[in-house]
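S.K.: Listed in order, the protein sequences are those of chains A and B.
Those letters in the first sequence? Residues 34 to 514, per our numbering, in order.
Those letters in the second sequence? Residues 517 to 927, per our numbering, in order.
FYI, nobody ran anything at the bench for these hints, they're computed from the structure.
Relax, there's no trap hidden among the hints.
Here are the computed lysine-lysine pairs in the DSBU-like style, where the Cα-Cα straight-line distance is at most 35 Å:
#1 B:Lys891 x A:Lys144
#2 B:Lys769 x A:Lys260
#3 B:Lys696 x A:Lys288
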Amino acid sequence: MPHVTLPRIATATAWRDAARGFLGAGIPPDQITWGDSRTDPGLFDTPATAPAAGTVTVPRSFVAMADKVVWHNDPTRFARLYAFLWRLRDAPHLMNDRGDPDLARLRRMEKNVRRCQHKMKAFVRFRDIGQPGDTRRSFAAWFEPTHHTIEPTAQFFARRFADMDWRILTPDVSVFFENGHLRFAPDHPRPTLPQDASEQLWVTYFRNIFNPARLKVQAMQSEMPKKYWKNMPEAAAIPDLIANAPARAREMAAKAPTLPPLRAAAAQAQQAALTSAWQGPADALQEALQDCTRCPLHSHATQAVPGEGPQDAAVMIVGEQPGDMEDLQGRPFVGPAGQLFDQIANQAGLDRGRVYITNAVKHFKFTPRGRTRLHQRPDAGEVTQCRWWLAAEIKMVRPDLILAMGATAALALTGSGANLLQRRGTIEAGRDGRPVLLTLHPAYLLRMKDAHKRQEATAWFQADLARAAQVAGVAPLPRAV
Amino acid sequence: MARLSLEQKLAILSDAAKYDASCASSGSTKRDSRGGKSLGSNEGSGICHAYAPDGRCISLLKILMTNFCIYDCSYCINRVSSNVQRARFSVDEVVKLTIEFYRRNYIEGLFLSSGVIRSPDATMLDMVRIARKLRHEENFRGYIHLKTIPDAAPELIEEAGHLADRLSINVELPTDRAVKQHAPEKSPEQIRRAMADVRLRKDIARDRSFSGKRPPRFAPAGQSTQMIIGADGSTDTTVLGQSTRLYSSYKLKRVYYSAFSPIPDASAKLPLISPPLQREHRLYQADWLLRFYGFDLAEITGHRADGNLDLDIDPKLSWALAHRGLFPVDVNRASRALLLRVPGFGTKTVGRILGTRRHRALRYEDLARMGAAMKKARPFVTALGWSPRALTDSADLRARFAPPPEQMSLF
Chain A
34 MPHVTLPRIA
44 TATAWRDAAR
54 GFLGAGIPPD
64 QITWGDSRTD
74 PGLFDTPATA
84 PAAGTVTVPR
94 SFVAMADKVV
104 WHNDPTRFAR
114 LYAFLWRLRD
124 APHLMNDRGD
134 PDLARLRRME
144 KNVRRCQHKM
154 KAFVRFRDIG
164 QPGDTRRSFA
174 AWFEPTHHTI
184 EPTAQFFARR
194 FADMDWRILT
204 PDVSVFFENG
214 HLRFAPDHPR
224 PTLPQDASEQ
234 LWVTYFRNIF
244 NPARLKVQAM
254 QSEMPKKYWK
264 NMPEAAAIPD
274 LIANAPARAR
284 EMAAKAPTLP
294 PLRAAAAQAQ
304 QAALTSAWQG
314 PADALQEALQ
324 DCTRCPLHSH
334 ATQAVPGEGP
344 QDAAVMIVGE
354 QPGDMEDLQG
364 RPFVGPAGQL
374 FDQIANQAGL
384 DRGRVYITNA
394 VKHFKFTPRG
404 RTRLHQRPDA
414 GEVTQCRWWL
424 AAEIKMVRPD
434 LILAMGATAA
444 LALTGSGANL
454 LQRRGTIEAG
464 RDGRPVLLTL
474 HPAYLLRMKD
484 AHKRQEATAW
494 FQADLARAAQ
504 VAGVAPLPRA
514 V
Chain B
517 MARLSLEQKL
527 AILSDAAKYD
537 ASCASSGSTK
547 RDSRGGKSLG
557 SNEGSGICHA
567 YAPDGRCISL
577 LKILMTNFCI
587 YDCSYCINRV
597 SSNVQRARFS
607 VDEVVKLTIE
617 FYRRNYIEGL
627 FLSSGVIRSP
637 DATMLDMVRI
647 ARKLRHEENF
657 RGYIHLKTIP
667 DAAPELIEEA
677 GHLADRLSIN
687 VELPTDRAVK
697 QHAPEKSPEQ
707 IRRAMADVRL
717 RKDIARDRSF
727 SGKRPPRFAP
737 AGQSTQMIIG
747 ADGSTDTTVL
757 GQSTRLYSSY
767 KLKRVYYSAF
777 SPIPDASAKL
787 PLISPPLQRE
797 HRLYQADWLL
807 RFYGFDLAEI
817 TGHRADGNLD
827 LDIDPKLSWA
837 LAHRGLFPVD
847 VNRASRALLL
857 RVPGFGTKTV
867 GRILGTRRHR
877 ALRYEDLARM
887 GAAMKKARPF
897 VTALGWSPRA
907 LTDSADLRAR
917 FAPPPEQMSL
927 F
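Sequences and hints are given; from them, build the entire structure.
M.R.: Put into structure tokens, the structure is as follows:
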């Protein structure tokens, strides 16, 4: 009987061409036998070549199915496909008859191949075989598929790992991907692959992502059959994980609840202080601020001084706390330091009307001295308490940049007020991640005696304001990294 | 304290992440790296690269950025009052782990979650920074799932949605009361607002502009959430009611049910029982009936006196046994909707039945070849050569399916 031998590489096209030829010539399935280069033809078989292909019409769904089934390891696959193709000639609707035993068998084989392809995509494990100095990274894997799935699955890996070289070696056909080109070669010997440090990390991950309280070995094995385990580094950990799981679960249950660590209370208090729970509408913020009793400062000051400026300002400027005049008038930056700020801001091109200006602490802290009130720096506790309001303002305005003037503002916004002279002019990430530009406080300039130094500090201050002005007026700065 | 090595950190922070059930990598936009300039692909269907002995799929590198947390949720291993060892990854460490694992074909991508440190915004910003670096510097085209922090600023959520394939926010427990009791710092309203926000952004990203241009896709694989089962007293009716509301209100892709499992160093507030895995399994089955089989919530739990699903038999079988008047159905005539209600018939089998019976009448053996679970379906269908006769109404029908009764332990 004529025997068709199909190649092991590009089998799908070879089968299609042969089948098309035989079908066109009207040769029935019992007149030919099929095999690949590893199957021996029968004693009475003679090599056959398919007649030149004419045009034959087959349902598209058959072609798609055949393209999978040819990769099955069942030696009868080619003959079964051709036999069904023969039946389809007069009854193309058979493709939709899922109850037909021949089709059911082919569909099952197709499903096996698809599953084998899927498992190959999942369970191939690469090891790094690159040398230092290589321009492209290279990886290799040894894999033992059940069916001949290397060729139909290679494209998947080519689409996924296009920027590196890789090879998947198997006892069947192996695939090489070098500089963007795929190549297949049969019967590659099993290589010894070098150790790979990342593999240890992967096993660590596998061991720890497992929850010993819910052991479902069956569920694991039905999806990850044992035949794949020998080439998967993590599988070596499985017996140990299973064996120890009940004991670990019991241990968790038996252990008495422990007392919370010392830092728990501190962390919770810190959280309560940090998180601004202000949920009301933006207009109501000022009013709510007036009722604030979060720290004792409210009992001596005239009023709380809220921030001022457009609620969609790109820049927010934060000072220390209201002074004498601010406390009386209820507006920020109207006293001597405020006037100096206005003057330098003017020179720097910063329009006060376009920025939101506020203080880190909203009440005036002072000690009475005769008929005057002496400014006192707010302590860390007061700054922490008042951050609740500052956070609410930041949440409302959502500035692209916050300008922190002075150590208190730096403390409130970045968590540290130290070394301001070294840090000024730099942008740091704030507590909530927003960029914070650090600068001096105008009151610091006012207090400086040395005219030369004062001039120098004023120039710094002006430069920082100019930088903020750029954000306020033109394009926003890139976010701090 | 000694500095932790990368491996130690990975051990701590993957251990801390294992209580999130989701590990899906499916349903995103199709993309690949064929140009040779980037790494990774996504082909629509997810791939499980390994399975742990707990039966769960490992598709993504599922880790916490840090397990330091300022919240005190009693069901969580990372709560502030727990004594577990703490660690924190740097941005570069997470990026390196993801890329190196991906190159070795261990994973489909990254599922990044985090304890809340400093403030919600600061935490979210660090997570966004990781995703940004993966996408823009490493040209990573694999899957990214970010767990969003409900109170984080909208622009961070916006950026997260453009970098990630999926966003998720856990509702944690089935009722608001339970959330307030067990997670005092979390606000159920805030969580819902955050899910609504993600849905709206997704809707907006679907609208074409005047010129017909599409805006960048927002979280193309949708959003999902997780509910812990068995930590509070909610019935299955409550749980499923909550998930139907979530599916309809926020167009969630998935609601994950996670049987409350004992954790190391558990809080005294919660029961340390073995996790109700069977209940979790039944809830998933019911969830599928609601989404793909045309069942109503009232149909699934309505016939159950205590409002809980039958643990011994699956919810569809349970429904069919309670509505035997509708059966047996004739597979050669019944409508699609009715076929979907037959126990043992899945959506694929029903599709095959409808396709084949256009050409010829179906026999009993055909059904088995089409993938139907005939052991289960047998009492409920008629076909050529098969009639269940009295079997449909027999009194012991339930007993044929339920596991055999077990004698209680005497000790």
